[in-house]
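Protein chains: 2
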Amino acid sequence: MSNSLGMLTPGKKVSLKDWDPKDTQDIKNKEEIQQETDQLKERFAELQSKLFTEKKQAVLFVFQGMDCSGKDGVIRHVFSNLNPAGVTVHSFKSPTAEELSHDFLWRAHSVTPGRGYIAAFNRSYYEDVLITRVHGQVSDKLAKRNIKHIKHFEQLLLDCGVKVVKIFLHISKQFQLEKLIDRIEKPHKNWKLDPSDLQERKFWKQYTQYYEDVLELSATKQAPWYVVPSDNRWYRDYTVLRIAVQTLEEMKLSDPDPRPELQSLLPELYKERDKK
Amino acid sequence: MSNSLGMLTPGKKVSLKDWDPKDTQDIKNKEEIQQETDQLKERFAELQSKLFTEKKQAVLFVFQGMDCSGKDGVIRHVFSNLNPAGVTVHSFKSPTAEELSHDFLWRAHSVTPGRGYIAAFNRSYYEDVLITRVHGQVSDKLAKRNIKHIKHFEQLLLDCGVKVVKIFLHISKQFQLEKLIDRIEKPHKNWKLDPSDLQERKFWKQYTQYYEDVLELSATKQAPWYVVPSDNRWYRDYTVLRIAVQTLEEMKLSDPDPRPELQSLLPELYKERDKK
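So the protein lines, in turn, are chains A and B. Taken in order, the first sequence gives residues 1 to 276; the numbers are from full-length UniProt numbering. Taken in order, the second sequence gives residues 1 to 276; the numbers are from full-length UniProt numbering.
Please keep in mind that the hints were generated in silico from the structure rather than gathered at the bench. What you are looking at is a predicted structure, and each value in this text was computed from that prediction instead of being measured. It is possible that some hints are incorrect.
Which copy is meant is left open, so a pair is good if it fits within one copy or across any two.
Calculated cross-link-like contacts (lysine-lysine; reagent style PhoX-like; alpha-carbon spacing at most 25 angstroms) [what the hints assert, rightly or not]:
{"no.": "1", "residue 1": "Lys163", "residue 2": "Lys151"}
{"no.": "2", "residue 1": "Lys144", "residue 2": "Lys56"}
{"no.": "3", "residue 1": "Lys13", "residue 2": "Lys28"}
{"no.": "4", "residue 1": "Lys163", "residue 2": "Lys141"}
{"no.": "5", "residue 1": "Lys93", "residue 2": "Lys22"}
{"no.": "6", "residue 1": "Lys192", "residue 2": "Lys55"}
{"no.": "7", "residue 1": "Lys12", "residue 2": "Lys276"}
{"no.": "8", "residue 1": "Lys179", "residue 2": "Lys271"}
{"no.": "9", "residue 1": "Lys55", "residue 2": "Lys276"}
{"no.": "10", "residue 1": "Lys148", "residue 2": "Lys56"}
{"no.": "11", "residue 1": "Lys56", "residue 2": "Lys93"}
{"no.": "12", "residue 1": "Lys28", "residue 2": "Lys205"}
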């Protein structure tokens, strides 16, 4: 069904109850993977530096998940060690009037990463086959047509050098409940709560079903979906970091080419240095 | 092969020599169609106004053709009578470094028309399967893959309310020659000439062949290609105008809905008027 990182097999039926949101693959606690996490972060930064100097490829990380699944948190933790000059993060909110006047991929396409860059999408064009479908703004038929458009769009990106990686942060309904209560009880967390989140929670079942559709229909070998158990934040961050590093390792990024012709410029510079 | 407006039948092999660039369909001169042209212009403006108030659909006119085929001219003549608030024109030049760092549809997607708008593209994303192919920057295989991406992209636009109409301005090699000489002989036309146009002219045969590929592979019922004989400017403008009007007629644009509830606001206003 998936490898140890939760990568889905394209075309296979997906049932989210097959994944335990609390799963940590027998890792007992954060401390056990602390050293490896540090190493992964360092490696991720090295690889990003190569990507940035090479300027031939790009990577788009799409993060989806229910409210409270930790999309903000995972972006903060996993991408924080990178050179921010080469990273862009886009949070997709309710579309503006201008955005709504265009096709549903318009706003996302404009912020896809150029060669050399990593982009992280906090929510994405997938909302247009999820929240709109849950609320009946988009019929089942239209949702499936739009998933096809998404696949073509991602294939365009892939063919033009943008690696696409999609990550579903998988939490339990109980976990969300605890988070919502926490956000209301603790004054300093109040800002995180949008009262409408409590309304969306009532559609949990439908969201789950439509997510399963999305995961089944849009997972491809080149633009894979990963299901990441996310009830434990440390395991979530660790897993996403491993996915990120593995993705960039597989891109076979090359070191910048040496330019032997530069050598001939050295004598002049040496001469100036020797004068002092 | 095509109807009287030059619309191509999807999937049919295209041979441009089957069209006479000098064709005027037995119309003798500009005067003969002057009255009809004026009426068409008026109707086009009416339809645009409906499109603009309705704000449900949009139209994208793509203009392609060899150098000197009159892309600028046709846009100036056919679109000049419209409300400019609802029209955008984009000329696609050599891509910038920023544009080149993204997929080839990125720059075009960002300037597609929103609901209510008409956009005219002077050259377009089709250059990415023409000029780049002529100069070997894109292989035959890549060109055909990119034509597929274009078809998917246009289908996305169509599904999201943007009608796509593609117009090939068909001129003879002799006509181009006369235009080039004219642009060099007449000082006030010098600004129109890019010396590289003389180089591109040498690839006439290859351009013709690759245009034929494009026309055959990307003409669809919903996003048709029209071949417009363009050695006679007046016939070219007249034909494009007819295509434009027919396109908007077929969109079944509706008049803005009356809002009966507004009637209740009148008594107050009448009262104020009566006071004077």
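When no copy is specified for Lys148 and Lys56, does a C-alpha distance of 25 angstroms or less occur within a copy, between copies, both, or neither?
between (27 angstroms within a copy, 23 angstroms between copies)
For the identical chains here, do Lys56 and Lys93 meet the 25 angstroms Cα criterion within one copy, between copies, both, or neither?
Answer is between: at 22 angstroms across copies they meet the 25 angstroms cutoff, but 30 angstroms inside does not.
From the Cα coordinates, with 25 angstroms as the cut-off, is the pair Lys192 and Lys55 best called within, between, both, or neither?
neither (37 angstroms within a copy, 36 angstroms between copies)
Homomeric proximity label, Lys144 with Lys56: Cα distance no greater than 25 angstroms:
between (33 angstroms within a copy, 22 angstroms between copies)
Within a copy, between copies, both or neither: which one fits Lys93 and Lys22 at a CA-CA cutoff of 25 angstroms?
neither (28 angstroms within a copy, 54 angstroms between copies)
Intra- versus inter-subunit Cα pairing at 25 angstroms for Lys163 with Lys151:
both (13 angstroms within a copy, 22 angstroms between copies)
Should Lys179 paired with Lys271 be assigned to within, between, both, or neither, using CA atoms and 25 angstroms as the limit?
Result: close neither inside a copy nor across copies, 66 angstroms intra and 58 angstroms inter.
Measure nothing new, just compare the shortest in-copy and cross-copy C-alpha distances for Lys55 and Lys276 to 25 angstroms and report within, between, both or neither.
neither (39 angstroms within a copy, 73 angstroms between copies)
Treating 25 angstroms as the Cα threshold, decide for Lys163 and Lys141: within, between, both or neither.
between (28 angstroms within a copy, 21 angstroms between copies)
When no copy is named, should Lys12 and Lys276 be tagged within, between, both, or neither for a Cα gap of at most 25 angstroms?
Close neither inside one copy (71 angstroms) nor across copies (77 angstroms); limit 25 angstroms.
Indicate which option fits the pair Lys13, Lys28 if close means a Cα-Cα distance not exceeding 25 angstroms: within, between, both or neither.
Cα proximity of Lys13 and Lys28: none, with 31 angstroms in one copy and 66 angstroms across.
Using 25 angstroms as the alpha carbon limit, work out where Lys28 and Lys205 are close: within a copy, between copies, both or neither.
neither (30 angstroms within a copy, 69 angstroms between copies)
This entry does not satisfy hints 3, 5, 6, 7, 8, 9 and 12, going by the numbered hints stated previously.
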